[in-house]
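The task is simple: from the sequences and hints, build the whole structure.
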Amino acid sequence: MKSRDIKDHLYAQVARIGAALSSPKRLELLELLAQGEKSVEALAQAADIDVKLASAHLRVLRDAQLVEARRDGKNRIHRLSGSDVSDLWVRLRELAESHLAELQLAMARLVAEPQCLTSESAQSLLDKVRAGDVVLLDVRPEAEFRAAHIPGARSVPLDELEARIRELPSDKDIVAYCRGPFCLMSDSAVALLRRYGMRARKAADGVPEWRAAGLPVESVAA
Numbered sequence: 000m001k002s003r004d005i006k007d008h009l010y011a012q013v014a015r016i017g018a019a020l021s022s023p024k025r026l027e028l029l030e031l032l033a034q035g036e037k038s039v040e041a042l043a044q045a046a047d048i049d050v051k052l053a054s055a056h057l058r059v060l061r062d063a064q065l066v067e068a069r070r071d072g073k074n075r076i077h078r079l080s081g082s083d084v085s086d087l088w089v090r091l092r093e094l095a096e097s098h099l100a101e102l103q104l105a106m107a108r109l110v111a112e113p114q115c116l117t118s119e120s121a122q123s124l125l126d127k128v129r130a131g132d133v134v135l136l137d138v139r140p141e142a143e144f145r146a147a148h149i150p151g152a153r154s155v156p157l158d159e160l161e162a163r164i165r166e167l168p169s170d171k172d173i174v175a176y177c178r179g180p181f182c183l184m185s186d187s188a189v190a191l192l193r194r195y196g197m198r199a200r201k202a203a204d205g206v207p208e209w210r211a212a213g214l215p216v217e218s219v220a221a
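Residue numbers (numbering that gives the first Met the number 0): 0 to 221.
Okay, derived cross-link-like pairs now, DMTMM-like style, lysine to aspartate or glutamate, Cα gap no bigger than 25 Å in a straight line:
#  : residue 1 : residue 2
1  : 73        : 40
2  : 171       : 217
3  : 6         : 62
4  : 24        : 47
5  : 171       : 141
6  : 24        : 96
7  : 73        : 36
8  : 51        : 67
9  : 24        : 83
10 : 127       : 141
11 : 171       : 119
12 : 24        : 158
13 : 51        : 27
14 : 24        : 40
15 : 24        : 62
None of these hints come from the bench; they were simulated from the model.
For clarity, every value in this text was computed on a predicted model and none was experimentally measured.
Here is the structure:
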C-alpha cells in the first residue's frame, strides 16, 4: 500500500467518529447514555423520537464503536463503550460553546434566571455538601442516580419532588442538578422549590462534567 493510501485510510478511520457525531439526535443519545445504560425504548422516549429512529441512530454509534449493547432477556440494553466517550461529549460541547456565538446566545436564553445558577466551584460545593451546609439534589430518574451520582447527593426525581417536598429541610440551601448544561429538569426543580419558599439554586454540571474534570462520582451497588 502506498503512503498516500495509508494516510487516506488513517484519516478515514478517524472520520468515522466525526460522521457518527454529526447528528444532533445522536449527540443527545450519547448524553443520555453518559448518565447510565438504557434500553432503546427508554432512549427513544427521553429523546422524543420513535423507537425505529432511535435504533437507526444507535446502529451508527455502534458501528463507530462509541456505543455497545448487551442482551437482557428480550431487551437490548445500550451503554457507552467507555468513559472516554462521555468525556468526548463534554469536550465537544465545551468546544462548541467556546467557539459558536449562536450556542452562547442559546445558552444565555436557556438560563432564564441567571441568579438561580450557582457560581460556586465544584470543590466548594462538594465541601459544603460534606459539611452538611448544602443539600445536593439529584433530580434525574432514580436509575441514573444509581448508575452514577455526585458524592453526597440525594435522589429525588423531578416527577416525585412535589410529593416528597417535606423530606427536604427548609433551613438549608438546596442545589439541584440533572444531566448537564442542556438539561432543564433542574430548572423546573428550582422553580418548584422556590414556590415552596425554599432557598434553591441549580448546578449546571452533571455527572459527565464531573467525570471529565476528574472529580469523584459514586454509584449504588445493584
